[in-house]
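K.L.:
Starting from the given sequences, assemble the full structure and let the hints guide the process.
Chains as they are written, first to last, in this note's numbering: chain A, 1 to 363; chain B, 1 to 298.
Read the hints as simulated data drawn from the structure, not as lab findings.
Computed from a predicted structure; not experimentally measured.
The C-beta atom is built at its ideal place from N, Cα and C for all residues, glycine as well.
Take the hints with a grain of salt, since some may be wrong.
Unchecked claim - Here are the computed distance ranges between Cβ atoms for each label pair:
#1 Val293(B) to Val346(A): 45 to 51 Å
#2 Arg274(A) to Ala277(B): 21 to 27 Å
#3 Pro246(B) to Arg110(A): 40 to 46 Å
#4 Arg266(A) to Pro244(B): 45 to 51 Å
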Amino acid sequence: MGVRARLARYAAGLPAPFVVAVPGGARCRVAVEAELRRRGWTPVADPVACDALLVCGEPGDELAAAVDAVWAGVPAPRVRVDLPSRASAREVAAALDGLVPVLADVPAQRAEAARTAAKPWPPPAEHAEHDDESGHGGGGMEMGGPGGVALASRAPDRDGLKLDVLHVPLGPVLAWWPAGLRVAVTLQGDVVQSADVELLPGAVAETFWDVPAGTPRRAAARRRAAARLDALARFLGAAGWPARAAEAARHRDDLLADAFREARVRRFARSVRRSRTLRWMARGVPPSYLAWLDDVETTLAELHEPGEDPAAWRNGERGSCARGGRDAAGCGERGPGFRELGESLVGVELGTARLIVASVDER
Amino acid sequence: MSGERTPVWAVVALPAAVGLLAYAVAVFDAVAVEGMRGRAFARPLRRAALLAVRQRRTTLAADRLLLGAGVAVLPAAALLAALVVPVGGVPVVASPVGIVWFNAAEVATWAAAWLVGWGPNAAFSLVGGYRFLAQGLAYELPHMFVLITVAVGAGSLDLTAVAAAQRHLWFAVQMPVAFALYLVSASALAFWGPFAHPLDGALGADLSGADRLLFLGGRCAMLAVAGAAAVPLFLGGGAGPLLPAPVWSLVKTLAVLAALVFAGARVPRLRMDRFLAAAWTVLIPVALLQLLVVAVTR
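P.N.:
Here it is in structure tokens:
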């Protein structure tokens, strides 16, 4: 066995997964994330860096095409696993067990590499930069660029400078990003000039976070708090705080499994709320994360209250803003829905745009 | 530079030492971000092994030459910077202008970041390049003033002489503001921890295989060397009781690196578009004030 084969086998012992969230696949995604954490297989932030692409749920046609395009760009050794949205924890574990032998199969992975090397990456149709048709009426595509790719055109930016105009899609396969969301942005430098928002549907509707009538009170409260922690994990990940994002996901899974320590969840909520740096970086972004933290704390408090199932959440008056009432800064304000998202992204820096998207209240 | 005394083994020992320190940084990072579970020591090794054997894919119409130069510059700059850093009082190359050389090698990260941003011919990589240019400029100036402050305090640009000048009191105590600024700006120049904004789905996002390994490894190496340089600059070099000087150098270096990595994981990422104003209006004046205080009291 050569050195390369040995190294490949050694590397296969710690897969680098990338989890593709699909609308309708939240149950599967949560199960996968919990199992990955149990094994210490930390997901990577870029699909190019992964060797295991885990698709959680059944994507619709458009989303499936987007996932295929991303998969085409993943270098070998690689393995792709498509998990059904109803996959149980045991099925997820079995699927992950199956990854390692595939990644460690050096001859097969070499053949895979030879097969994919023939194709350029990303496929030309998916390539990000193309001519700005809107900038020059009737200008169309300019085919003089390198590799047959059209050159970017220029337009004045907000400071009156002539800058390249680039059309790039954000999502739908992106870390810390809502399932199935695609935002076609026009960029000048790192500033979004226009954004078209589109939700690519999954094949099945999302029901995982819904709390059906008749659910026992305690189970309902745990599910709702877990939903908020899931959103918080995404926001904290987008904010570049991976340790805290992992903590939010851990509390989410503990709540779903009814194995949580309330004091720890509260401590987590307090410390995230207290972070001045996070507040500073989130200035100008809808303060959804503060409202979500409130929701988590009030829901935890409900676990101790006797009496009727509080119906506040279901009536759209979610999050009673535990501290300071409705007039407190940021209290009651929620992020834009997906429909208003496009407008709120115009004129912001790309990093801010990611945070705004992560602040969308999906529920 | 007077290199006539450099022993031959140093040519092998230096990359090995920098590589081991970079590995230590990667282990600290794995523990700080992912926790102690699993084998934290093996995780960076397995990841490096994957990148080493991995297929290399490039983006469409990528500039291979510039991209290759960019990913190679980062580890190379770390090695060049490490040349003048004394370990236990003895650098590989004893230079009377070691601080200037060290800083010049660090500035090469600018070229690396920009080339890696430009090379893949991809929009997000380019955005990462923009972010680092802004960040680099905002942090290189305070970094430079801090190094000048140290040189003024010691009356020498030679790192060995700087360490010797702290016989009675460490510069970390004499000029605490400069020490803090050094740690912040060193993290920023290695785009580490809260200063990783250039990397956020941008810089290096299109790299695969050996390119990625060199780039990310080079980044660990850059932080490692900046941490190692903090020891002669602020922590008295290899001076310490009982243990021999090289051991003290190593212990102090690992302490600085652990502090940088673990403190970095406790703070969310700083977005450069927002943080730049603070960098310019606070850090640079503070750095100049510290320089003034050291120059007057010396």
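K.L.:
Per the hint of 45 to 51 Å, is the separation of the Cβ atoms of Val293(B) and Val346(A) within bounds?
P.N.:
Holds, at about 47 Å.
K.L.:
Is 40 to 46 Å respected by the C-beta to C-beta distance linking Pro246(B) and Arg110(A)?
P.N.:
Since the Cβ atoms of Pro246(B) and Arg110(A) sit about 44 Å apart, the hinted range of 40 to 46 Å holds.
K.L.:
Do Arg274(A) and Ala277(B) keep their Cβ atoms within the hinted range of 21 to 27 Å?
P.N.:
With Cβ atoms ~23 Å apart, the hint holds.
K.L.:
So does Arg266(A) sit 45 to 51 Å from Pro244(B), Cβ to Cβ?
P.N.:
For Pro244(B) against Arg266(A), whose Cβ atoms are near 49 Å apart, the range 45 to 51 Å holds.
This entry satisfies every hint, going by the numbered hints stated previously.
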